[in-house]
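Participant: The residues making up each chain are set out below.
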Amino acid sequence: MSRTHKAYVRPLDLRQGRIDMTHGSGGRATAQLIEELFVRRLGNAYLGQGNDAAVLPMPPGRLVMSTDAHVVSPLFFPGGDIGCLAVHGTINDLAVVGATPLYLAASFVLEEGFPLSDLARIVESMAAAASAAGVPVVTGDTKVVEKGSGDGVYITTTGVGVVTEGDEWSGDRARPADRIIVSGSIGEHGMAIMAQRENLGFAAAIASDTAALHGLIAAMRASGAAIRVLRDPTRGGVATTLNEIACQSGVGMMLQESALPVRPEVAAACEFLGLDPLYVANEGKVVAIVAPEDAERLLAAMRAHPLGRQAAVIGSVHQDAHSFVQMTTAFGGRRIVDWLTGEQLPRIC
Amino acid sequence: MRFIDEFRDGELASGLAAAIRRVVRRDREYRFMEFCGGHTHTISRYGLSDLLPHQVRMIHGPGCPVCVLPIGRIDMAIRLVRDAGVMLCSYGDPMRVPASGGLSLLKAKAGPGRASGSDIRMIYSAADALLVARQNPQRQVVLLAIGFETTTPPTALVIKQAQALGLGNFSVLCCHVLTPPAIASILDSPEVRQGGSVGIDGLVGPAHVSTIIGTQPYEFVAEQYRKPVVVAGFEPLDVMQAILMLIEQVNAGRALVENQFSRAVTREGNRKAQNLMAEVFELRRSFAWRGLGDLPFSALRIRREFAEFDAERRFAIRYEAVADHPACECGAILRGVKRPSQCRLFASVCTPENPVGSCMVSSEGACAAHYSFGRFADLERVS
Chain A
1 MSRTHKAYVR
11 PLDLRQGRID
21 MTHGSGGRAT
31 AQLIEELFVR
41 RLGNAYLGQG
51 NDAAVLPMPP
61 GRLVMSTDAH
71 VVSPLFFPGG
81 DIGCLAVHGT
91 INDLAVVGAT
101 PLYLAASFVL
111 EEGFPLSDLA
121 RIVESMAAAA
131 SAAGVPVVTG
141 DTKVVEKGSG
151 DGVYITTTGV
161 GVVTEGDEWS
171 GDRARPADRI
181 IVSGSIGEHG
191 MAIMAQRENL
201 GFAAAIASDT
211 AALHGLIAAM
221 RASGAAIRVL
231 RDPTRGGVAT
241 TLNEIACQSG
251 VGMMLQESAL
261 PVRPEVAAAC
271 EFLGLDPLYV
281 ANEGKVVAIV
291 APEDAERLLA
301 AMRAHPLGRQ
311 AAVIGSVHQD
321 AHSFVQMTTA
331 FGGRRIVDWL
341 TGEQLPRIC
Chain B
1 MRFIDEFRDG
11 ELASGLAAAI
21 RRVVRRDREY
31 RFMEFCGGHT
41 HTISRYGLSD
51 LLPHQVRMIH
61 GPGCPVCVLP
71 IGRIDMAIRL
81 VRDAGVMLCS
91 YGDPMRVPAS
101 GGLSLLKAKA
111 GPGRASGSDI
121 RMIYSAADAL
131 LVARQNPQRQ
141 VVLLAIGFET
151 TTPPTALVIK
161 QAQALGLGNF
171 SVLCCHVLTP
181 PAIASILDSP
191 EVRQGGSVGI
201 DGLVGPAHVS
211 TIIGTQPYEF
221 VAEQYRKPVV
231 VAGFEPLDVM
241 QAILMLIEQV
251 NAGRALVENQ
261 FSRAVTREGN
271 RKAQNLMAEV
281 FELRRSFAWR
291 GLGDLPFSAL
301 RIRREFAEFD
311 AERRFAIRYE
321 AVADHPACEC
331 GAILRGVKRP
341 SQCRLFASVC
351 TPENPVGSCM
361 VSSEGACAAH
371 YSFGRFADLE
381 RVS
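Protein chains in written order, with the working numbering: chain A, 1 to 349; chain B, 1 to 383.
Calculated from the structure, these hints are not laboratory results.
All the pointers check out, no bait thrown in.
Below, simulated DMTMM-like cross-link-like pairs (lysine to aspartate or glutamate); rule was C-alpha separation at most 25 Å, straight line:
| # | chain 1 | residue 1 | chain 2 | residue 2 |
| --- | --- | --- | --- | --- |
| 1 | B | Lys107 | A | Asp151 |
| 2 | B | Lys338 | A | Asp338 |
| 3 | A | Lys147 | B | Asp119 |
What follows is a list of derived Cβ distance ranges for each label pair:
| # | chain 1 | residue 1 | chain 2 | residue 2 | range |
| --- | --- | --- | --- | --- | --- |
| 4 | A | Ala304 | B | Ala18 | 41 to 49 Å |
| 5 | B | Arg121 | A | Ser149 | 14 to 22 Å |
| 6 | A | Gln319 | B | Glu29 | 29 to 37 Å |
| 7 | A | Ala321 | B | Glu353 | 20 to 28 Å |
| 8 | A | Ala321 | B | Asp27 | 35 to 43 Å |
| 9 | B | Arg121 | A | Glu168 | 38 to 46 Å |
| 10 | A | Ser73 | B | Ala164 | 32 to 40 Å |
| 11 | B | Arg304 | A | Ser73 | 40 to 48 Å |
| 12 | B | Arg121 | A | Phe202 | 22 to 30 Å |
| 13 | B | Ala332 | A | His322 | 23 to 31 Å |
Just so you know, even glycine gets a beta-carbon here, dropped at the ideal spot from N, CA and C.
Taking the hints into account, I'd like the entire structure generated from these sequences.
Facilitator: Here it is in structure tokens:
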């Protein structure tokens with residue numbers, strides 16, 4: 001029986017039940033959903049306060065804040081689901097500017113008719129990810145939209161973190177001769193999603209790399225290496241991330257295609273769909289720009305962490321007023337690695 | 001990846017590059033057209049130009065199905081969605097091709113009217129379109145079928161399957177075109193004919209198209225036009241080897257059709273696929289190609305026996321010609337008369353984000369390939 005709403009004698013039917021419009025009305029059904037489904041799983045002292053906003057202790061330093069909407073389809077995919085993805089995505093956005101992530105807020109837009117069992121699964125996954133990362137979800141909101149107006153569930157997470165003044169990283173600090181490091185094999189999240197979406201049976205073995213990176217990043221900072229820029233290459237992949245950094249810093253880059261870590265199944269799925277792994281999304285990788293003399297030290301620190309075992313130097317920074325990212329192909333030629341145009345659409349023949 | 005990495009081997013490539021340098025005569029230029037967009041993409045993506053001596057110039061041909069699709073054909077597809085309320089299935093590439101009125105399939109998809117029935121879906125194969133039709137029996141589903149001989153047999157197959165299933169809600173907007181007439185049109189164009197402004201010393205023949213039609217249909221190029229043809233696979237080593245074979249033919253004064261892609265292509269091609277095409281399609285009297293103009297007997301339409309699956313007949317729509325942007329040089333670029341960087345719109349008004357001409361749309365298009373993979377070379381030339 002519900003604690004705050006004794007009028008609700010019957011508990012939520014987590015097996016057969018579905019979201020209906022009353023769950024978004026703000027009335028008892030909403031309260032029951034929040035309490036029995038969300039608070040019970042995400043539970044922590046701050047969320048348990050039951051107020052409109054969480055009041056939180058704040059360590060010294062500068063406040064860092066980030067927000068990210070998650071609209072992935074399918075909601076469940078090999079290696080993860082929208083729940084853990086929503087936690088990892090925002091934690092990573094905080095971590096790559098150098099912050100220690102502290103708290104998360106989560107907003108759910110639920111579609112009428114969405115199975116409560118799926119919602120429970122998603123929230124459980126979120127809770128597990130938040131708990132593993134040590135970053136609690138301290139406040140949240142749910143809204144319900146009519147059937148056909150959403151795609152099951154959308155989750156927006158907002159994160160707050162803290163960074164010591166002067167310790168933050170920014171995309172405009174890459175300098176000529178710096179080295180470019182990626183923390184592991186690329187393109188796994190995007191291809192896991194594509195393989196599900198397009199029913200590519202042969203690519204079923206590809207799992208998303210979704211992971212919270214703040215542990216790896218803390219180890220990278222602890223190495224003492226002069227890290228100039230850190231970024232998580234999500235949408236648009238490593239290519240897009242490097243183009244952003246090149247533009248922000250006003251430098252050019254030269255990648256070595258043969259140094260790019262790509263798992264064979266990802267390469268095969270990309271080949272099949274006419275995609276380029278450089279442009280495919282990652283959710284558990286970080287790209288670092290580091291001073292040349294510190295590259296080896298940073299690489300060693302990354303490889304010592306479970307999320308950085310496959311870390312590799314993939315290129316270097318040079319002077320270029322046009323901010324081109326180029327690549328020496330494994331074939332020995334040279335080409336531009338340009339911004340992603342539109343969606344990465346497969347070629348037909 | 002087995003059977004793929006072998007064809008992308010950097011060491012073998014430098015060996016081939018050395019062989020090419022050895023056979024190239026210093027006193028002449030070699031101008032080869034790679035007909036196929038797939039080859040254009042390979043050349044750009046692997047940076048092959050960097051491996052070739054400066055005497056060898058590759059001219060990017062019109063073999064990109066999206067690039068030769070005239071505006072009026074995309075307009076027809078959009079009219080089907082907007083006026084006839086059909087569900088349109090399209091491959092990814094045509095989605096961004098600019099149509100009239102600032103539209104494209106992608107913009108029509110996002111624009112007003114979607115809720116009232118406009119529905120455009122991206123598919124990966126013709127079979128997907130058939131599936132969409134079966135899953136939506138209450139809707140008319142039209143496949144926007146584009147492409148050269150490679151994608152034509154699958155279209156023929158789904159039309160036959162639809163007939164066998166008695167599907168009343170499936171039809172095809174057929175825009176399939178043929179390779180040999182396009183090659184002939186380029187070799188006949190005043191710029192290319194003897195004494196014209198563009199010389200072509202040989203052709204890299206299509207890869208996938210040739211698996212269907214074989215090498216025989218190119219023999220007229222060697223016999224009538226005295227140009228060597230080497231049919232080549234799409235992997236970078238294939239292209240390098242084909243270029244070497246072309247140079248050797250030119251040096252020896254030979255003009256033959258040679259087959260570098262013998263692991264997949266025969267002289268006769270795929271008879272089964274050819275029969276399937278012949279059963280379902282017939283030649284159009286004329287078809288408007290973007291950049292090449294109206295070419296007689298250069299495209300296919302659906303035979304009368306399958307008329308009910310012909311969207312042009314079912315919805316009684318006609319092709320209306322629409323003029324290209326006056327400054328767009330796609331036509332000249334497709335014929336090899338101009339390079340992308342010689343177009344005033346290139347990289348200023350016309351970019352992959354905002355394509356004016358179709359060559360900027362597909363990654364196989366000469367302009368998009370040059371923009372995305374090679375435009376640093378233009379800047380280096382200037383600076």
